[in-house]
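**Student:** Got chain C sorted already, so can you dock chain W onto it with the hints?
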Amino acid sequence: MYRYDEFDHAFVTSRVAQFRDQVARRLAGDLTEDQFKPLRLQNGLYLQLHAYMLRIAIPYGVLSSRQLRQLAMIARTWDRGFGHFTTRQNIQLNWTKLEDAPAMLAALAEVEMHCIQTSGNCIRNTTADPYAGVAPDEIEDPRVWAEVIRQWSSIHPEFLFLPRKFKIALTGAAEDRAAIAFHDIGLRMVKGRGDNAGQIGFQVFVGGGQGRTPYVALLLNDFLPREHLLSFLEAAMRVYNLHGRRDNIYKARIKILVNALGADEFRRQVMAEWAKIEKPSIDLPAEEYQRIAKYFAPLQLATLPNDDAAVAKRRASDAGFARWLRNNVMAHKVAGYRIVNISFKEPGKVPGDASSAQMEAVAALAEQYGHDEIRVTYQQNLVLPTVALKDVVAVYDALVENGLATGNTELITDIIACPGLDYCSLANARAIPVAQAIALRFANPAVVDDIGPLRLNISGCINACGHHHSGNIGILGVDKKGTEHYQITLGGSPKDDAEIGGILGPSFPAEEVPDAIETIVGVYKAGRTSASETFLAAYRRMGAKPFKEALYGAPKPAAQRIPEGV
Amino acid sequence: MAKPFSPQVVTANRLRVGDVVYLSADDAWVHDIARAIVARDAQQLAALEAQAERAVASQLVVGVYAIDVDENGGAAKPLSVKEHIRASGGPTI
Numbered sequence: 353m354y355r356y357d358e359f360d361h362a363f364v365t366s367r368v369a370q371f372r373d374q375v376a377r378r379l380a381g382d383l384t385e386d387q388f389k390p391l392r393l394q395n396g397l398y399l400q401l402h403a404y405m406l407r408i409a410i411p412y413g414v415l416s417s418r419q420l421r422q423l424a425m426i427a428r429t430w431d432r433g434f435g436h437f438t439t440r441q442n443i444q445l446n447w448t449k450l451e452d453a454p455a456m457l458a459a460l461a462e463v464e465m466h467c468i469q470t471s472g473n474c475i476r477n478t479t480a481d482p483y484a485g486v487a488p489d490e491i492e493d494p495r496v497w498a499e500v501i502r503q504w505s506s507i508h509p510e511f512l513f514l515p516r517k518f519k520i521a522l523t524g525a526a527e528d529r530a531a532i533a534f535h536d537i538g539l540r541m542v543k544g545r546g547d548n549a550g551q552i553g554f555q556v557f558v559g560g561g562q563g564r565t566p567y568v569a570l571l572l573n574d575f576l577p578r579e580h581l582l583s584f585l586e587a588a589m590r591v592y593n594l595h596g597r598r599d600n601i602y603k604a605r606i607k608i609l610v611n612a613l614g615a616d617e618f619r620r621q622v623m624a625e626w627a628k629i630e631k632p633s634i635d636l637p638a639e640e641y642q643r644i645a646k647y648f649a650p651l652q653l654a655t656l657p658n659d660d661a662a663v664a665k666r667r668a669s670d671a672g673f674a675r676w677l678r679n680n681v682m683a684h685k686v687a688g689y690r691i692v693n694i695s696f697k698e699p700g701k702v703p704g705d706a707s708s709a710q711m712e713a714v715a716a717l718a719e720q721y722g723h724d725e726i727r728v729t730y731q732q733n734l735v736l737p738t739v740a741l742k743d744v745v746a747v748y749d750a751l752v753e754n755g756l757a758t759g760n761t762e763l764i765t766d767i768i769a770c771p772g773l774d775y776c777s778l779a780n781a782r783a784i785p786v787a788q789a790i791a792l793r794f795a796n797p798a799v800v801d802d803i804g805p806l807r808l809n810i811s812g813c814i815n816a817c818g819h820h821h822s823g824n825i826g827i828l829g830v831d832k833k834g835t836e837h838y839q840i841t842l843g844g845s846p847k848d849d850a851e852i853g854g855i856l857g858p859s860f861p862a863e864e865v866p867d868a869i870e871t872i873v874g875v876y877k878a879g880r881t882s883a884s885e886t887f888l889a890a891y892r893r894m895g896a897k898p899f900k901e902a903l904y905g906a907p908k909p910a911a912q913r914i915p916e917g918v
Numbered sequence: 123m124a125k126p127f128s129p130q131v132v133t134a135n136r137l138r139v140g141d142v143v144y145l146s147a148d149d150a151w152v153h154d155i156a157r158a159i160v161a162r163d164a165q166q167l168a169a170l171e172a173q174a175e176r177a178v179a180s181q182l183v184v185g186v187y188a189i190d191v192d193e194n195g196g197a198a199k200p201l202s203v204k205e206h207i208r209a210s211g212g213p214t215i
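As you go down the protein sequences, you meet chains C and W in turn.
Counting from 1 along the first sequence, just add 352 to a position and that's the residue number in the working numbering.
Counting from 1 along the second sequence, just add 122 to a position and that's the residue number in the working numbering.
Be aware that a few hints might be false.
[Stated by the list, open to error] Derived pair list, reagent style DSSO-like, types lysine-lysine, alpha-carbon separation capped at 30 Å: (1) Lys449/C / Lys199/W; (2) Lys847/C / Lys125/W; (3) Lys665/C / Lys742/C.
Honestly, the hints are just simulated from the structure, not real lab data.
So that you can see chain C by itself, here it is in the shape it has in the complex (with noise of 0.2 Å):
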């Protein structure tokens, strides 16, 4: 993993000292709160619901395992000793104290850690493709790239107060691991074809994201030279930042900009934007890029059997490894090793939150078994990307002695679900029960792996940090006259068939959603042509009139429908 140069390490431990001479002089009364708010928003600490939060920065969700130990010694430390991994590969400390903050950055300075730009309207951290460097359908490593935009992105100071927050993603795989379509941009590393032939670039997709205004991003270059990635996003940044809008909040973000002008005029203007540019200025020189690659060179792994006999046995002898096998460990671009997939999604747990104890846990595991790499993944999981199939089983049990061996991943347990009402200030209903509710209804793993493949994702609020327009069901929070209510979307996907899900009807309270859900899982599982169609392939073939009518009824016939308006 990239390691911090002498610029980054003064870099940071100067924001720190900053910070810390902000937070004294705010507490002696020397900065009013209004002067003071933007100063500690720049560092990653929100004022919620309970108390101060502090949102941490992962570098496109890349951990060591002295890192993600440091994250558990500062969440014991100065917090209550859990944090929550969010959809944006961050980690969330809840309980943190004004007053404490400062130590909190400097501790995570020692490990090449910081909060800067996890807030405000600038460039977020750039988020990827979490099998990144290890996926069998890989063309090229992501991580390189996505480094390369965290410096580029890092204090840019064009980019630092841009109309609203920018949220880049990038895969270099075939299959769309990162949601890239509900991005500000998009990235997706490809094979060049006809003229480009030979070479790798990417495919720029411009415009998708939640939040009340639904979007699936759309295409704004077709192959971009990678070379010519920096100079490229630079002048789409600067369309952007000069014909954002800054009247509305709520119309800030580029998707509202890029939707108003149609991709065409929005293209016609990057590319014009980019003819002016001064490439070699901007773009990263070819030994500048083999420098950060390095940081990211494959691992020199020993050849080791694509097959384990004990790892055989266990797996005939033990249902739960075995469907944690199936579940959650994924094959691995190197013969004999496999990417493990970690749940934090124990039905009746909270979705995303790990202990400090889990969290060194899994640190020990990765230092032992996995090259002491970890990755945080946006469903709020973790990932070991590189263990070797023979240690497979000491993983697993390890992890059962951790409460973390949920062999779940991508099944209808493995909700996503912001922090909802239950910390967030901006939320209007809780989010967290009504996944632990869902979770423990389906908490029979026989049932899940027969519902098979499905996306469940819970907002607390239209600002969708839940990724419900994106869930296979998605259910949003409402706040109807007082009290908390449900709206369930179906059909939403966040992968290379991006779509945004359709409302059902008319919402539920808390108390009703389990039942929704098993109906709409009843009308699947009676619905689905084989039990290998999918929740969304068998949604897509029916279409939402069973779903609705299962939950609401059928239709009355016109003569019995009352007029509008009466």
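**Tutor:** Chain W alone, transformed into the frame defined by chain C:
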């Protein structure tokens, strides 16, 4: 006709720690909403808010605002779900 005044209390977060507090007697800020001073008319509320602003100016609290409460049965209780969760001192999970 003017809307009848709803009983309200003044809440904030303590600056140093961030915990939820309510304005109580003797300029104290307390965790228990039942101990908060209830404003029963606009004049009382304005006086409480002025008192709270002094606490802001002296770096005691931040993010001051008033919330509607229900006094039926004695002690003040928040009306909204959000304020009920805030008053409970932590998440409901």
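**Student:** Checking each numbered hint in turn, tell me which of them this model violates, lowest number first.
**Tutor:** Number 2 - this is the single hint that the structure violates.
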